[in-house]
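Taken in order, these protein sequences are the chains called A and B. Under the numbering used here, the first residue of the first sequence is numbered 2, with each subsequent residue one higher. Under the numbering used here, the first residue of the second sequence is numbered 12, with each subsequent residue one higher.
Please note: incorrect hints may appear among the correct ones.
What the hints assert, rightly or not - Far from chain B, by Cβ distances over 10 Å, these chain A residues were calculated:
id, residue
1, R48
2, L79
3, D82
4, V96
Said to hold, decoys possible - Now the in silico label distances, taken between C-beta atoms and shown as ranges:
id, chain 1, residue 1, chain 2, residue 2, range
5, B, V146, A, G127, 35 to 43 Å
6, A, Q44, B, N197, 29 to 37 Å
7, A, S68, B, S144, 46 to 54 Å
8, B, V146, A, G61, 51 to 59 Å
9, B, N220, A, G61, 24 to 32 Å
10, B, A172, A, G61, 50 to 58 Å
11, B, V146, A, A132, 28 to 36 Å
12, A, N37, B, N197, 16 to 24 Å
13, A, G127, B, T150, 42 to 50 Å
14, A, P128, B, S230, 51 to 59 Å
15, B, V146, A, S68, 41 to 49 Å
16, B, S195, A, Q44, 18 to 26 Å
Simulated from the structure, these hints should not be mistaken for laboratory data. A virtual CB, placed ideally from N, CA and C, is assigned to each residue, including glycine.
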Amino acid sequence: MPRSVTPRGVLTTAAALAAGVVVAVGATAGSYAYLNSTSVVGQAGVRVSASTSLLTLQRGADAPAASIALPAAQYRLLPGDIVNQNLALTHTGNVRLLLYALVADDGPLETRVASGACPASGIVAGPAITAQGNVFATGAPNSTGPICLQVLLPASAPASVENATLSYTVRIDAYQIGVP
Amino acid sequence: MNNLPAPCAAVVNLAPVREGVVMNKIAKSTIATAAGVVLLMGGAGSLAYWNDSVNAGPAAGSNSITAGTLTIAAANAGAWTKGFYNSAGTAVVPPAAVANLSAVRIVPGDRLVYSQTFNVNASGDDLFFTIGSTVGAVTAASAAAADTALAAQINASAATAFTIASVTGGNVVPATTAGTYRVSANTGGPSTITATWTLDFPFGATPDNAAKLGAVTLSQGSITLTQVAAP
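Whenever a hint applies, use it, and build me the whole structure from the sequences.
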């Protein structure tokens, strides 16, 4: 009579085989993981550039420049005389400006700067400019406009200025304002 | 009558044995013979054993397992707007779309805002995940002083920021732990996330012309979804 193989023996064998298979798979599968996903934000190669703010003056047909010199012979004044000089002010930049005119040490003269062309006669509106500066206009972004430089020797000028020569500089300053 | 030979008689002198022994011998002879037969049979074929089997596991039609997923991908290319703000941070010119960023020339007060939307596809009975991000950087386009100044002024602004909004819509909902999300159902996606990048060139109280004509470059940020083990 052959030895009977019990069901227990059969199951044991099958389990051993199964375990052997599981062990083999686990050993070769690698490390465990978790899920994740990434996406880039933004566009590639983006460049952002700043603007500028630059003022130039032009007298007649002369080339625009940051600084111009007015001919002295034009300004031989007698008390009460007014001399006007039409200029073009150009602003390059994406900002809106507040324009100031300043003058340092113009002696007995009264110097005025105003937006627009000089009048055929009379004094332009606004006070004489000072060393602290006077606002005379706003400048739009990337714009060109006429301005008037007016010099007056008051009738009350003292006799001591007769035949005197006075050199001074009128400066135009611009400040960006918070309204474009 | 002829004289017949005497009947032959064989006389076998048997050794006197007990009856059982004789039986055992017989039995032994028989067993041996049977064993011999058995042995002969074993050599001639294979032995057998009983077995039986049944199918284990779910029946056909319900025996497939499907994994969930967790992905994020851009839903659009993103877009820029530009507005103008005074020193108090109040919008003087409302933000408007920028058609071509490369043509823009910013000035103090300008604020550029980039917005991009992303789709989140998530499914998983026990899926919990967090949302992380890396910030895009604003760097000087070159070593030129104007470029360096522009980058510095933009990065110094409190309004310059890279933000990731909360995920909305679809099947993603907040989980128990703050900052952790789960799915309310394994269908119903995608959910969306909006990334916003604000670049502020602030309008200050004092003149600073160092950044005129400067330029900066922008590097991309990222959004990452990461599965976590706790809700």
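Okay, the hints, checked on the actual structure:
A beta-carbon of chain B is positioned within 10 Å of the beta-carbon of R48/A; the least distance is around 5 Å. Residue placement check: L79/A keeps its beta carbon more than 10 Å from all beta carbons of chain B (closest about 41 Å). Distance check on D82/A: its Cβ is at least 37 Å (rounded) from any Cβ of chain B, clearing the 10 Å threshold; non-interface status holds. The claim that V96/A is not at the interface with chain B is violated, since a C-beta of that chain comes within 10 Å of its own (minimum 5 Å).
For V146/B and G127/A, the hinted distance range of 35 to 43 Å is not satisfied, since their beta carbons lie about 51 Å from each other. The given range of 29 to 37 Å is respected by Q44/A and N197/B, whose C-beta atoms sit roughly 34 Å from each other. Our hint of 46 to 54 Å for S68/A and S144/B holds, since their Cβ atoms are close to 51 Å apart. Between V146/B and G61/A the beta carbons are some 55 Å apart, a value that agrees with the proposed interval 51 to 59 Å.
The hint said 24 to 32 Å for the Cβ distance between N220/B and G61/A, and at roughly 29 Å that hint holds. In this structure the supplied range 50 to 58 Å holds for A172/B paired with G61/A, their Cβ-Cβ distance being about 51 Å. The supplied range of 28 to 36 Å is broken by V146/B and A132/A, whose beta-carbon atoms lie about 48 Å from each other. The supplied range of 16 to 24 Å is met by N37/A and N197/B, whose beta-carbon atoms lie about 19 Å from each other.
Between G127/A and T150/B, the C-beta spacing of about 47 Å keeps the proposed range 42 to 50 Å intact. Distance hint check for P128/A and S230/B: the Cβ-Cβ separation is about 53 Å, which falls inside the suggested range of 51 to 59 Å. The supplied range of 41 to 49 Å is met by V146/B and S68/A, whose beta-carbon atoms lie about 45 Å from each other. Here the CB-CB span from S195/B to Q44/A is close to 33 Å, at odds with the stated 18 to 26 Å.
Consistency note: the structure conflicts with the earlier hints numbered 1, 4, 5, 11 and 16.
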